[in-house]
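Novice: Spelled out from the first residue to the last, the chains are:
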Amino acid sequence: MKTPAITALFVGGALAAATASTEPTADTVEVGSKPSYSFRQSVLNGQGLQSLADLKGKPTLVDFWGTK
Amino acid sequence: MAEEFGDAVNVLFVEVQGADDGKVEHFCLDKKWMGTSAMWTTERPFNVEARGIPHFALLGVDGEVILFGNPISLHSKIEELVQEQLDVARKGPEDLPKSLKKSWKSFQGGNYADAIEKAQKVVDKGEEDAEYATGLVADIEKRAAGSVDRASWLMDSGRLVEVEDLLDDLEGRVEGMEDLHARVLAMKETLESDDMKAERDAAKALAKIEETLHKDGLKARNVDRKLEKLVEKYAGTKCAERAKHLLDVVTR
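Chains as they are written, first to last, in our numbering: chain W, 1 to 68; chain S, 69 to 320.
Watch out, some of these pointers could steer you wrong.
Stated by the list, open to error - Keeping only pairs whose Cα atoms sit at most 27 Å apart, straight-line, the calculated DSS-like set for lysine-lysine is:
#1 S:K159 x W:K68
#2 S:K99 x S:K265
#3 S:K287 x S:K297
#4 S:K100 x W:K68
#5 W:K58 x S:K287
#6 W:K68 x S:K99
#7 S:K312 x W:K68
#8 W:K58 x S:K173
#9 S:K283 x S:K312
#10 S:K193 x S:K210
#11 S:K169 x W:K34
If you're looking for bench data, these hints aren't it; they were derived computationally from the structure.
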């Protein structure tokens with residue numbers, strides 16, 4: 001299955017965006033860090049994704065966006 | 069980028085403006101963004117030093133952060149680094165010993181049992197690459213177990229359309245890995261049993277409704293009525309629970 005329109009999603013996210021939440025909810029990472037995280041709730045369309053570790057083996061783009 | 073790389077790249081969207089999961093799902097359905105391999109969450113797994121949204125972090129195949137910032141202004145750089153990472157995935161890390169190239173190739177092809185067998189031979193020789201090979205065996209075992217765990221999750225959540233192909237695929241990939249192979253065979257047996265007929269039928273019916281929703285978004289014709297009917301007809305199945313959830317999302 002392809003992931004069409006990811007670019008459009010970025011743009012959509014940009015249009016929907018105001019500013020990011022300033023309240024940190026997780027560790028801040030730098031280039032070179034290897035973040036670890038186990039999801040507490042089901043990830044939408046995650047097909048059973050439990051943690052960031054499950055994503056290893058492929059490059060992963062984590063996009064922070066907003067619905068407002 | 070998606071057209072260029074397709075499923076070779078994981079895409080995880082993290083909503084950071086405080087919406088709940090239902091709102092995100094409603095929003096994505098409305099925009100017709102579902103039905104792709106992109107994933108969505110409201111849990112922030114980590115932060116990066118970036119202002120405003122959208123912003124992104126690109127993780128390499130080993131899970132290391134290799135770039136972060138604004139995805140629109142850094143689009144070309146993302147493409148370049150993704151391509152580099154795809155090369156790493158295919159050829160292996162720079163420090164991969166020559167003796168483990170074949171094992172790596174099998175690993176990336178998803179043939180876990182064969183990859184372990186090849187790496188184990190290097191371990192057993194006890195030569196200079198043995199330590200690296202031991203680590204590789206552990207990585208392969210972890211990835212294989214993760215794949216079987218995901219199949220198990222799909223079964224448990226009534227996603228039988230999705231799990232059927234995965235199990236067929238996994239059966240060959242983990243053949244020779246006793247415990248994992250046994251788990252795959254047990255799931256296949258359960259999936260094909262008469263007791264699961266209602267679940268299988270419900271899963272197919274729900275998959276059709278989801279396909280329409282993904283294509284037409286929230287304006288999909290009579291989608292709420294179709295979901296209501298499914299909930300009623302397959303009451304007691306896991307798919308009926310999922311359909312009820314979807315109905316709540318669609319009508320919120």
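Novice: Which of the listed hints are broken here?
Specialist: 1, 2, 5
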